[in-house]
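So the protein lines, in turn, are chains A and B. Reminder that position 50 of the first sequence reads as 50 in the numbering used here, one-by-one numbering, no gaps. Reminder that position 5 of the second sequence reads as 5 in the numbering used here, one-by-one numbering, no gaps.
Bear in mind the hints are in silico, worked out from the structure with no lab data behind them. Just so it is clear, the structure is predicted and the values come from calculations on it, not from any experiment. Hints are not guaranteed to be accurate.
Within a straight-line C-alpha distance of at most 20 Å, the following computed EDC-like cross-link-like pairs (lysine to aspartate or glutamate) qualify [stated by the list, open to error]:
| no. | chain 1 | residue 1 | chain 2 | residue 2 |
| --- | --- | --- | --- | --- |
| 1 | A | Lys55 | B | Glu105 |
| 2 | A | Lys54 | B | Glu44 |
| 3 | B | Lys40 | A | Glu17 |
| 4 | B | Lys19 | B | Glu3 |
| 5 | B | Lys38 | A | Glu5 |
| 6 | A | Lys53 | B | Glu105 |
| 7 | B | Lys9 | B | Glu44 |
| 8 | B | Lys36 | A | Glu100 |
| 9 | B | Lys36 | B | Glu105 |
| 10 | B | Lys40 | A | Glu15 |
| 11 | B | Lys36 | B | Glu58 |
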Amino acid sequence: KNEVEQSPQNLTAQEGEFITINCSYSVGISALHWLQQHPGGGIVSLFMLSSGKKKHGRLIATINIQEKHSSLHITASHPRDSAVYICAVGTSGSRLTFGEGTQLTVNP
Amino acid sequence: DTEVTQTPKHLVMGMTNKKSLKCEQHMGHRAMYWYKQKAKKPPELMFVYSYEKLSINESVPSRFSPECPNSSLLNLHLHALQPEDSALYLCASSQAPGTGQYTGELFFGEGSRLTVL
Chain A
1 KNEVEQSPQN LTAQEGEFIT INCSYSVGIS ALHWLQQHPG GGIVSLFMLS SGKKKHGRLI
61 ATINIQEKHS SLHITASHPR DSAVYICAVG TSGSRLTFGE GTQLTVNP
Chain B
1 DTEVTQTPKH LVMGMTNKKS LKCEQHMGHR AMYWYKQKAK KPPELMFVYS YEKLSINESV
61 PSRFSPECPN SSLLNLHLHA LQPEDSALYL CASSQAPGTG QYTGELFFGE GSRLTVL
């Protein structure tokens, strides 16, 4: 069993839909990261959180430390949101443990 | 400036070639990282430099040789690579772990896509 599990692996949505990607982890963490990777390859850090909830534009990330679970929500999804979304947890020092990623496709 | 710049974006090399990947950041970060990413897989940590000293080497083969000539630059020297080394190589930077400024946030570059023939 991976230390970081994401679901779903693949997600297809219609433009405008509300999207949720889930992440569960089994280790003690210092912080949880949500990352976005477009087909070109570069990775963008969307959120880093250790408790509660953060919002940036149409993106919302929540974390429940007791349940070791985090969710990434996208409201009013748009085709430009199509990307791989990766959950990663910070464990010791500078190490990140990555989930396998969720491929999101938003159709117009 | 919150950019991590990687060059080249694409590199094709033969198994006998010697080439280098370069990474540069001007955010004052004192930790820099090399990751390797195969298609449809998450990134795998290769090396970490902290204050220009190698702090983590994840048992990477010696045909990959990292170098951190100063606090803004990180190189990855490549020699005698194998076709299975073809991958996206990502550089990242952060504040140095263990310091008061460390937040845990990583800033990634766009990657260098390497093909070994």
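The hints, checked one at a time:
1. A:Lys55 with B:Glu105: OK: Lys55 (chain A) and Glu105 (chain B) at ~16 Å, within 20 Å.
2. A:Lys54 with B:Glu44: 27 Å, violated
3. B:Lys40 with A:Glu17: Judged against 20 Å, a Cα distance of about 25 Å means the pair is violated.
4. B:Lys19 with B:Glu3: Answer violated: Lys19 (chain B) to Glu3 (chain B) is near 23 Å, above 20 Å.
5. B:Lys38 with A:Glu5: 19 Å, holds
6. A:Lys53 with B:Glu105: Holds - the C-alpha atoms of Glu105 (chain B) and Lys53 (chain A) are around 17 Å apart, at most 20 Å.
7. B:Lys9 with B:Glu44: The given pair, whose Cα atoms are some 19 Å apart, holds under the 20 Å limit.
8. B:Lys36 with A:Glu100: 14 Å, holds
9. B:Lys36 with B:Glu105: 19 Å, holds
10. B:Lys40 with A:Glu15: 24 Å, violated
11. B:Lys36 with B:Glu58: OK: Lys36 (chain B) and Glu58 (chain B) at ~11 Å, within 20 Å.
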